[in-house]
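Colleague: Now for the letters of each chain:
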Amino acid sequence: MVTLKINEHEIKVAKGTTILDAAKTLSINIPTLCNHQDLCVAGNCRVCVVEQKGARTLVAACAMPVAEGMEILTNSLKVRNARKHIVELLLSEHRADCTKCYKNQKCELQTLANEYSFGEHIFLDLVEDHSYIIDRSSPSFLKDDSKCIRCQRCVRTCAQLQHVSAIAVANKGSHMKISSFHDRPMSHVVCTNCGQCVNRCPTGALTEKTYIDQVWDAIYDPDKHVVVQTAPAVRVALGEDLGFDPGERVTGKMVTALRQLGFDSVLDTDFTADLTIIEEGTELLTRLKKILVEGDNSLALPMFTSCSPGWIKFIEHKYPNMLPNLSTCKSPQQMFGALAKTFYAEKRKIDPSKIVSVSIMPCTAKKYEADRPEMRSSGYKDIDFVLTTRELAVMIKQAGINFMALEDDHYDSIMGTSTGAGVIFGATGGVMEAALRTAYEIVTGRPVPFKNLNIMPVRGMEGVKEATIKIEGTTEEWRFLEGAELKVAIAHGLVNANKIAKAVSTGKASYHFIEIMACPGGCLGGGGQPIPTNAAIRQKRMEAIYSEDMHMDLRKSHENPEIRAIYEEFLEKPNGHKSHKLLHTHYIKRESY
Amino acid sequence: MYNTGNMVKELAEKHGRKRESLMPILQDIVRKHNYLTDDAMVAIASELDISAAEVYGTASFYTFLDTEERGKNIIRVCKTITCSMKGKNDILSTLEDILKIKVGETTPDKMFTLLETNCIGWCHKAPAILINDMPYTDLTPETVIDVVKGYMR
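Chains as they are written, first to last, in our numbering: chain A, 9 to 601; chain B, 7 to 159.
In short, the hints are calculated from the structure, not lab data.
Please note that the accuracy of each hint is not assured.
[Claimed, not checked] In silico negatives: residues of chain A with every beta carbon more than 10 Å from chain B:
id	residue
1	T65
2	V67
3	S173
4	D229
[Unchecked claim] Under the rule of at most 20 Å between Cα atoms (straight-line distance), these lysine to any residue pairs were calculated in the SDA-like manner:
id	chain 1	residue 1	chain 2	residue 2
5	A	K510	B	E53
6	A	K180	B	F67
7	B	K116	B	L71
8	B	K24	A	S600
9	A	K185	B	D44
10	A	K108	A	V135
11	A	K180	B	K15
12	A	K185	B	R23
13	B	K155	B	D115
14	B	K15	A	E599
15	B	K24	A	V135
16	A	K597	A	E576
17	A	K298	A	A492
18	A	K510	B	K155
19	A	K61	A	T25
20	A	K180	B	C125
21	A	K507	B	L71
22	B	K78	B	D45
23	A	K180	B	Q33
24	A	K507	B	K116
25	A	K597	B	I56
26	A	K185	B	T64
27	A	K20	A	P73
28	B	K78	B	M7
29	A	K180	B	E74
30	A	K180	B	E122
31	A	K507	B	R25
32	A	K180	B	M7
33	B	K15	A	S182
34	B	K85	A	V135
35	A	K180	B	T64
[Stated by the list, open to error] Residues of chain A clear of chain B, computed beta-carbon distances all greater than 10 Å:
id	residue
36	K180
37	H190
38	G584
Please read all numbers here as calculations on a predicted model, not as lab measurements.
Using N, Cα and C, we set each Cβ at its ideal position, and we do this for glycine too.
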């Protein structure tokens, strides 16, 4: 332990703690624009400078570890003046069109500018001297260099959390900028559209591409039937943007709010999550059977999950030789989209051309996924608009709804019934757990041998998780699996996905089934979730997801009555002809830059 | 444009495949070909298992690691204050006239690229230019024509 004084208060903290974190334990706030708990120390923005008694210059609190006997002042005149100048200099290179900015009142730079109330007396506005281009090429997000303060949170996010580095620092001096490879449009580089950078950008330089107005237009159009689906992870995070603490489950309130917004039918992505389990579980078992029993070499093992569009684009760019290992199942969002304009339209006797299909996702990559040209198997664009959790919160605020005071309500039917297995898709390990709950039961006729169906080895925030499930007491059809050990692995965050993909591609790993989620923590830590998102908040959302699962009457996908019904009435059988047409897809090799 | 071929693989064998191998590889390519093509940068990224954006970011930091197509000979006219006071503008306009290009451009036959540079340390013999790695100093509009003509053959 190290003893030091901050603003005359003596404290003891662990060796290696930064001044910034030490000050937090005293509830002293030191502002920062480049520091983020998920990322390495950078010391780029200099906003966190503090005075260290006896030191020649001010020091960056985020980068300086504490030392015995250190005396720190966080609010001396010297610090105040320096910090004010630093923020002024940042503002001089920032296009401050605040009232028109998407991040208005959610911008960390704006908050600091407000705290220091500069008035007219700021440095020269240098923005006009540069020719800035707003990159609108991605369907998921905008990159506006005129608002960038070069804190490099995005660069560190893309490198450390995602192992993508679609963006890096280019040029130098006043020309320095955050750039893709040779400044290509973001839609034409390795960017996975995961939005983790968007979630961490302190200004309006990186923002989701918003479709709020298009959704309002659809809602107000009397000719349109607007259906909305909500992803599992939205219900455990939406509250954060609307007054609740992290970890609050707001499923019922969210349904009420969506109805009040004017959606014609409020449905649940969890339903197609359950459907995904049936399709993907069947696909896995079929692959195992064809490879192990029939010696079919055209199929690949291990099988990777395919729910995460960021992961899909990552593997298309980085490991195109492993595309046959991907499950051909569409993500729950896209299964829902394909069914909304076919099955749902038939059942409700609605002309599918009049249906507008909206999804609320914790994800920015889902906007890109909905735009993929192959996602039109209903004959229309299967999903018309994707909104993030944050955008839904904006709509609820625009509508003047007092979210915290809302009564709970239930999803509509059809395609609104789900199980706990669908809910846990929102957490890392959830798809694996849901798949095992069903696959084990298909093969043995008995539930998975874990207390309360909770398969603890696949849960938690460890980057790469492995588990082995011994299959015993198989039914006649699956006798070839008797005594077999099903080896599974789970990774979240593309940096971890890359570890597994590399191990598989070099033959160093022998798994059967691998779940990959592009974002840290799985969808609950998605790029479209409320800001801030960090380890403590992801933990709270995860606990909420598993608590939601425990409160469900049904917790196995194959027990969902609507799933049984859709196979009887419409799809016929898992992996059948209709399934292949509507619920499965294919992938393409992409460039490596 | 030049063909990347096996060049990057050979350079990676020579300099290694670590992050710190990046600079010597970039320098070797520029020494030979004057600039870095997109293909070369993508190939380096794949050899070193880093992203192409990182290779571009590193290259774009250094003025002498060009990422735009350059001619066989790169003329850099010192634009710093001493050379400016000693007649750099006349030198530059003479070069523009005989090469029929503006600063930043390359001749259609890809023989010359005309650029400006910050101080190259020849203030005592200003005005000065660099052609590739060779400095030419104490220039006048007349002598600079002779210098450039020497590269036209």
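Colleague: Determine for every hint whether it applies to the structure shown.
Modeller: The hints, checked one at a time:
no., hint, in the structure
1, T65, "25 Å, holds"
2, V67, "26 Å, holds"
3, S173, "3 Å, violated"
4, D229, "42 Å, holds"
5, A:K510 x B:E53, "15 Å, holds"
6, A:K180 x B:F67, "5 Å, holds"
7, B:K116 x B:L71, "18 Å, holds"
8, B:K24 x A:S600, "19 Å, holds"
9, A:K185 x B:D44, "19 Å, holds"
10, A:K108 x A:V135, "16 Å, holds"
11, A:K180 x B:K15, "29 Å, violated"
12, A:K185 x B:R23, "27 Å, violated"
13, B:K155 x B:D115, "15 Å, holds"
14, B:K15 x A:E599, "19 Å, holds"
15, B:K24 x A:V135, "38 Å, violated"
16, A:K597 x A:E576, "36 Å, violated"
17, A:K298 x A:A492, "15 Å, holds"
18, A:K510 x B:K155, "55 Å, violated"
19, A:K61 x A:T25, "18 Å, holds"
20, A:K180 x B:C125, "17 Å, holds"
21, A:K507 x B:L71, "33 Å, violated"
22, B:K78 x B:D45, "19 Å, holds"
23, A:K180 x B:Q33, "18 Å, holds"
24, A:K507 x B:K116, "45 Å, violated"
25, A:K597 x B:I56, "19 Å, holds"
26, A:K185 x B:T64, "12 Å, holds"
27, A:K20 x A:P73, "13 Å, holds"
28, B:K78 x B:M7, "11 Å, holds"
29, A:K180 x B:E74, "16 Å, holds"
30, A:K180 x B:E122, "16 Å, holds"
31, A:K507 x B:R25, "19 Å, holds"
32, A:K180 x B:M7, "26 Å, violated"
33, B:K15 x A:S182, "35 Å, violated"
34, B:K85 x A:V135, "25 Å, violated"
35, A:K180 x B:T64, "10 Å, holds"
36, K180, "5 Å, violated"
37, H190, "5 Å, violated"
38, G584, "41 Å, holds"
Checked against the numbered hints given earlier, the structure breaks hints 3, 11, 12, 15, 16, 18, 21, 24, 32, 33, 34, 36 and 37 and satisfies all the rest.
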